[in-house]
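Novice: Residue numbers (the working numbering), protein chains in the order written: chain A, 1097 to 1348; chain B, 1097 to 1348.
Do not rely on the hints blindly, as some may be mistaken.
To be verified - The calculated label-pair distances, taken between Cβ atoms and stated as ranges, are:
no.	chain 1	residue 1	chain 2	residue 2	range
1	B	Gly1278	A	Arg1271	20 to 26 Å
2	B	Pro1231	A	Ala1133	18 to 24 Å
3	B	Ser1289	A	Met1174	41 to 47 Å
4	A	Pro1231	B	Glu1197	32 to 38 Å
5	A	Ala1326	B	Phe1178	31 to 37 Å
6	B	Asp1195	A	Glu1237	35 to 41 Å
7	A	Ala1326	B	Gly1225	39 to 45 Å
8	B	Gln1115	A	Arg1166	48 to 54 Å
9	A	Glu1307	B	His1259	46 to 52 Å
10	B	Pro1098	A	Gln1244	46 to 52 Å
11	B	His1322	A	Arg1276	45 to 51 Å
12	B	Phe1178	A	Glu1237	27 to 33 Å
These are computed hints drawn from the structure, not numbers from a lab. Predicted, not measured: the structure shown is a model, and the values here were computed from it. Backbone N, C-alpha and C define an ideal beta-carbon position, used for all residues, glycine too.
2 protein chains.
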Amino acid sequence: MPRYKLTIEYDGSDYVGWQRQANGPSIQEAVEDAVFALSGERTEVAGSGRTDAGVHALGQVAHVDIDNDRLNADKVRMGLNFHLKRAPISILDCIVITDLEFHARFSARRRSYLYRILNRASPPALDRGRVWFIPRDIDAEKMHAAAQGLLGNHDFTSFRSSHCQADSPVKTLDRLDVSRAGDEVHVRAEARSFLHHQVRNFVGSLALVGEGKWSPEDLVTALEAHDRSAAGPTAPAEGLYLVSVGYPETSP
Amino acid sequence: MPRYKLTIEYDGSDYVGWQRQANGPSIQEAVEDAVFALSGERTEVAGSGRTDAGVHALGQVAHVDIDNDRLNADKVRMGLNFHLKRAPISILDCIVITDLEFHARFSARRRSYLYRILNRASPPALDRGRVWFIPRDIDAEKMHAAAQGLLGNHDFTSFRSSHCQADSPVKTLDRLDVSRAGDEVHVRAEARSFLHHQVRNFVGSLALVGEGKWSPEDLVTALEAHDRSAAGPTAPAEGLYLVSVGYPETSP
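Sequences and hints are given; from them, build the entire structure.
Specialist: The structure is reproduced here in C-alpha cells:
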C-alpha cells in the first residue's frame, strides 16, 4: 500500500489547530475528510506535529497510506485540493514514499518557524489574523543580538507551556534570527523539535527586549531560571507559521 | 473647518467596492460611519477614485472635513481605527491639509496599482481572495516585453469596460512592469488615471502572452483594434491592489 508524503499550506485562523479534537474543526480532520471523499477510505493523516489554534503553515508535512490502484501522487494532490476547495488548506506537494520506515513525525529532523510582527502605528487590514500587531517601536537588531543567547542545548522550562507533553524540557535551538522587513519584524526559529509554545514564548520575551524593557542579560536570566513565570508573555498564535519540516536525505 | 487627508489600507473581499452603493457594504460607508461615531458628523469621505468589489488597497487616499476642535490628525487616525476595529480597514496615515483646493480625486496626478498572480500547481490557502491563481506556467519576461507596447498615449477602448464613465478612452500609460517573485507574477501599472477595468483587462491579455497563446504583436493588434472584444478577458478583481495615489508637492 503506497504511503504519500504531503506538503500542506493552511490558514489556521478558523481551526482548533492541526490535531483532530472534539471541540471544533481541525486541519487534520479536513484533510482526512478529503482523503475519504477521494478514495472512500477512512484513514489517519499523520502530521509532523501539532500546530495550535490560529497558527498557520506554509509547509506542514504529513503522511497518509491510501490503498487505491487508480491513484498516483499527482492525482492525490489534485484530488485532495478539489475536495478541499472550500477550505483555506492547499496540498502544495505530494510524493510517493519508498522508505517504508518514513513517518512524518518520527522521521523529522528539523522544524522551521517564522513569526511575523507588524510594527507600525496602525492595525493590519489585509493581514488581520496573520501577524502580531505591536504599535510601539521595537528594535529588531537588539532582539537579534539577545536571541543569540538562547542558541544551543538548554533546559527551556522558562519558555515551555504548562500543557507541554514532551518528556524533557531540554532541547537544542539551532537558529533564532530577528530581522526587519519594512513594517514587519520577522523571527525565524529552527530546531530538531520544539516544546509547546516555545517559539511564541521566545517571541513574547524578545518583544520586551525590542521595546527596551528587558536587556539581553534579562533574557539569559529568564532562561536560567527554569521557571515559566521568569519569562515574558506568550505571543499570539496568529503571527506564527510552520515554514518547513526537514527529513534525512534518504527519506525524501 | 480642517480637511484631513487619509491613507487607507483595506481588504476589499467582502465589500461592493470603495463607493457607497445601495446593494451592499462599501468601504466609503464604513469609513463615513466611523467618522460619525468619532465626531457626531454625517459627512462625505471623498476617495481618489472607485475600486471595484473585491479589489484591495494598500494606500487608497481620501479626504474628509471634520468641524471639531477637540480633534487633530493623530486623534482622527486613532479614533477612526478604533471604530473600524471589526472591519478589515485601517487608516495608515492622517494629516491636516492646508491647501484648501486639495481634493483626493481631482488633485490626484498618479495612480499606482499592483496585480498579483499566484503561478504554481496548487491553489492558494493563505492568499485566497488576494491573488489570481493560474496553475499553468506563465512567462513573466515575455509578458513584460509585450507590456512595453502599451506604454504612452493611446485610445484604450480595447481595455475599457462597457460600464466605463470616463469622457474619453484616451489615456497615457506611464508604467506597465511584469516581474516574477518566487511563485508569484506581479504586474505594476502607473498612470495619471485609468479607465474602468483597464488594469484588469491589461492583465487578462498579458496572461495570454505569458501562456504563449498570444505574441507581443497580438497585444498591439488588440490595442489598435479599439474594440473591447479584440482583447483578452478581464482578470479577477481579487488580485488587484491600489498601491498609492500621488499628488503635486504643494498638496502633500
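Novice: Hint by hint, note whether the structure agrees.
Specialist: Each hint, compared with the structure:
1. B:Gly1278 with A:Arg1271: 20 to 26 Å: This hint holds: roughly 21 Å between Cβ atoms.
2. B:Pro1231 with A:Ala1133: 18 to 24 Å: holds (21 Å)
3. B:Ser1289 with A:Met1174: 41 to 47 Å: Given about 42 Å between the Cβ atoms, the range holds.
4. A:Pro1231 with B:Glu1197: 32 to 38 Å: About 33 Å separates the Cβ atoms of A:Pro1231 and B:Glu1197, which means 32 to 38 Å holds.
5. A:Ala1326 with B:Phe1178: 31 to 37 Å: holds (35 Å)
6. B:Asp1195 with A:Glu1237: 35 to 41 Å: holds (39 Å)
7. A:Ala1326 with B:Gly1225: 39 to 45 Å: With Cβ atoms ~43 Å apart, the hint holds.
8. B:Gln1115 with A:Arg1166: 48 to 54 Å: holds (51 Å)
9. A:Glu1307 with B:His1259: 46 to 52 Å: Cβ of A:Glu1307 to Cβ of B:His1259: about 50 Å, so the range 46 to 52 Å holds.
10. B:Pro1098 with A:Gln1244: 46 to 52 Å: Roughly 49 Å apart at Cβ, these two residues keep to the hinted range, so it holds.
11. B:His1322 with A:Arg1276: 45 to 51 Å: For B:His1322 and A:Arg1276 the Cβ distance comes to about 48 Å; the hint holds.
12. B:Phe1178 with A:Glu1237: 27 to 33 Å: Hint holds: Cβ distance 32 Å, inside 27 to 33 Å.
Figure legend: structure checked against the earlier numbered hints; every hint is met.
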